[in-house]
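S.K.: Sequence:
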Amino acid sequence: MKVVMNMVRTPYKQGDVIFDISEKSDDLYLIHTGTVQIESSEGLALATLEQGEMFGEMASILGERERTARAVAVNNVVVDVIDSKTMQRKLSDSDPVLRALVRNLTIRLADANEMNEREWQMLNVYRSLSPEDIERP
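Read in numbering that gives the first Met the number 0, the sequence shown has 74 at position 75, and its numbers run on one by one without any break.
Source of the hints: derived by calculation from the structure; they are not laboratory data. Quick caveat: nothing in here was measured; it's all calculated off a predicted structure. Please note: incorrect hints may appear among the correct ones.
Computed cross-link-like contacts, BS3-like style, restricted to lysine-lysine with a CA-CA straight-line distance of at most 25 Å [to be verified]:
1. 23 - 89
2. 12 - 89
3. 23 - 12
Quick list of simulated restraints, FRET-style, between CB atoms [as the list claims (entries may be wrong)]:
4. 6 - 97: 21 to 31 Å
5. 92 - 123: 23 to 33 Å
6. 47 - 109: 16 to 26 Å
7. 88 - 64: 30 to 40 Å
8. 103 - 12: 20 to 30 Å
9. 110 - 52: 33 to 43 Å
10. 97 - 12: 15 to 25 Å
11. 109 - 52: 30 to 40 Å
The beta carbon of each residue, even a glycine, is placed where N, CA and C say it ideally should be.
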């Protein structure tokens, strides 16, 4: 069975936030033109993506959940937005072992991203302390 991809081509201007942290969404994005930066809540650049690359895949695979990163248009960008129902249909047509593998890898990536975010926040706490604030043995 062939699944037709339901995509909506959407333009964004430089600096536009494509999606933000804590937004609930499960769409997948394919960059048609331009560059997108994926950022942490602290503004740390996690990835810079260009034409042909996808983002938003974790929510698309795992189902609607809060976004854990922000996607920002570095320059004028056009993305194809693929709805999660289309992705779920495509995944359901795939081999069950591959489907489980993709899901498990996605969960591990989400866990690693959360751990990195916590570590980054701790580093920022320590950076804000003066030497006098740090207790010495």
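S.K.: Quick one: which hint numbers does this structure break? Sort them smallest to largest.
M.R.: 2, 5, 7, 8, 9, 10, 11
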